[in-house]
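Student: Taking the hints into account, I'd like the entire structure generated from these sequences.
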Amino acid sequence: MSAQRTRGWLSYLTAFGISTIPFVLYAGRLVQDSLSDVPEAYLVWIPLVSYFWIGWQLQRTPETERSYRVAPWFLGLVAAVGLLLGLTLGGTAPTRFNDSALLLWPVWTAMVMWVLYGLPTLAQIWRPLLYLYLVWPPIYIWIIDRLNPHLEAAAYHILNGFSHAVPWLHVLAAPGTYAVDYAGKPILVGVTAACSGSDSILALLVLFPVALLVFEMTWRRKLLMVAAGCGLAFIANILRIMVIFFVAHHWGPYWAFTIVHPLIGPLLFVVLVLLLLSYGGIKPAAASWGVRTVAARRAYMALGASAVFAVVLPLVLNPFGR
Amino acid sequence: MKRHLIWRQALLASVATAGLLTITASVAQAASVPSGHSSTVLMADPPGSPSPGDGIGKGKGKPPKDVPETPYAAVFPVVIAGATWLVYRRRQRQRA
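Chains as they are written, first to last, in our numbering: chain A, 63 to 384; chain B, 29 to 124.
Each hint should be verified, as a subset may be incorrect.
Take a look, some chain A residues computed to stay more than 12 Å from chain B by CB distance [to be verified]: (1) 65; (2) 86; (3) 122; (4) 161; (5) 181; (6) 200; (7) 205; (8) 282; (9) 290; (10) 294; (11) 297; (12) 313; (13) 337.
Partial list, derived from the structure: chain B residues whose beta carbon lies under 8 Å from chain A [claimed, not checked]: (14) 99; (15) 101; (16) 102; (17) 105; (18) 108; (19) 116; (20) 123.
Derived from the structure by calculation, the hints contain no laboratory data. C-beta atoms are modelled at their ideal positions from N, C-alpha and C, and glycine is treated no differently.
Tutor: Structure below.
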């Protein structure tokens with residue numbers, strides 16, 4: 063690895079570290095949810111994906127002449143004090159401003175990038191910065207609340223149709239509940255929101271577009287791939303439920319719900335993503351992770367001052383220690 | 029990309045995913061993280077008994093069991109990242 067590339071990587075890691083540290087404690091809920099079976103579990107990935115996107119944008123564009131209208135150390139100080147005020151206001155009223163401290167994350171990241179790489183950089187990274195706002199749970203929950211009922215209704219509609227085609231599957235009175243005949247006895251199965259494919263579709267909607275950045279393709283093609291992915295994920299998920307019903311009918315609940323149920327979804331998702339990328343991502347975009355380096359000494363000084371604030375602030379404003 | 033390579037990659041990725049699933053499920057179980065909802069509810073009650081949504085634990089049959097949950101949110105992003113990296117590297121090598 064060349065010295066320039068090493069400096070570039072160190073520069074990125076420092077920038078992302080300082081951008082993240084003040085919010086680590088505020089993001090505790092996201093980490094806690096990350097292994098739960100709730101749609102918000104995806105939120106913990108948003109900052110990682112956003113920083114990958116920022117890094118990608120930085121290394122894709124040549125380093126420009128920095129244009130500071132104000133000194134970086136002053137800028138860093140203003141950013142840190144602004145963050146202090148913001149976190150204090152958000153942190154003292156957690157019930158009134160639900161997770162509102164997370165709304166400062168993109169702003170703080172923008173300031174760190176400005177200090178390190180200059181003002182023109184913001185024009186190149188505004189999209190990943192906007193994307194970072196998704197980390198604020200109410201936005202994501204709002205999307206889920208509007209998406210899930212439609213997915214559920216569509217899944218029930220198709221499964222109800224399937225039940226007419228096979229004699230061993232019966233629709234029950236409560237929406238999303240079915241009885242599968244096995245060895246002369248019925249097994250009652252409930253299909254809920256998570257079973258309607260929302261997990262895979264959300265993953266494709268939120269994360270897949272960023273993955274497509276590494277391939278050269280038009281926006282129209284990217285949009286088409288994401289839409290195709292969502293459609294195929296929905297179909298694959300319906301097939302998954304049908305397969306689970308089928309296995310439950312022929313081999314019983316153990317095989318259906320303990321063996322097939324946890325494995326078939328991810329396996330179908332792997333095949334789906336690989337097929338989409340293999341057929342859609344033809345031309346890899348050029349990447350050179352060493353083009354951005356922090357050269358200005360004063361930027362390093364501002365960085366140092368910001369780092370001190372970034373480390374001290376969370377300790378002072380620990381939201382769980384109040 | 030040739031078709032057999034795609035399927036070989038899909039097989040490799042599937043095995044990796046199964047391993048990842050096992051590990052994350054074990055971690056989730058060990059940590060006893062809260063579960064927002066159960067994706068599938070399996071009950072031993074006959075049809076016509078209280079529905080799974082409001083009948084959990086109230087039916088006359090055996091108590092209902094939650095199907096083991098898959099931590100999809102921990103697995104799907106890794107799948108997307110891994111698959112993207114695989115395809116990207118292969119395309120780069122093809123062009124080199």
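Student: Tell me if residue 116 of chain B is really an interface residue toward chain A, meaning its C-beta lies closer than 8 Å to one of theirs.
Tutor: 5 Å, holds
Student: Identify whether the interface hint at residue 108 of chain B stands, where standing means a beta carbon of chain A within less than 8 Å of its own.
Tutor: Because about 5 Å separates residue 108 of chain B from the closest Cβ in chain A, which is inside the 8 Å limit, the hint holds.
Student: Confirm or reject the statement that residue 205 of chain A sits farther than 12 Å, beta carbon to beta carbon, from all of chain B.
Tutor: Holds, since 15 Å exceeds 12 Å.
Student: Is the Cβ of residue 200 of chain A farther than 12 Å from every Cβ of chain B?
Tutor: 16 Å, holds
Student: Minimum Cβ separation between residue 161 of chain A and chain B greater than 12 Å?
Tutor: For residue 161 of chain A, whose nearest Cβ neighbour in chain B is about 17 Å away, the distance exceeds 12 Å, so it holds.
Student: Run the C-beta distances from residue 290 of chain A to all of chain B and say if the shortest one exceeds 12 Å.
Tutor: 15 Å, holds
Student: Regarding the assertion that residue 86 of chain A does not contact chain B, is the least Cβ-Cβ distance greater than 12 Å?
Tutor: Holds: least Cβ distance 18 Å, greater than 12 Å.
Student: Per the CB criterion, is residue 99 of chain B less than 8 Å away from chain A?
Tutor: This interface hint holds because 5 Å falls under the 8 Å limit.
Student: Residue 181 of chain A clear of chain B by more than 12 Å, beta carbon to beta carbon?
Tutor: Per Cβ check, residue 181 of chain A is outside 12 Å of chain B; nearest 31 Å; holds.
Student: Against chain A, run the beta carbon of residue 123 of chain B and see if the smallest gap drops under 8 Å.
Tutor: With Cβ-Cβ at 7 Å, under 8 Å, it holds.
Student: Does the claim that residue 282 of chain A lies outside the interface with chain B hold up, using a Cβ gap greater than 12 Å?
Tutor: 20 Å, holds
Student: Against chain A, with CB atoms and a cut of 8 Å, does the hint on residue 102 of chain B hold up?
Tutor: 6 Å, holds
Hint 13 alone, counting from the list given before, is not met by this structure.
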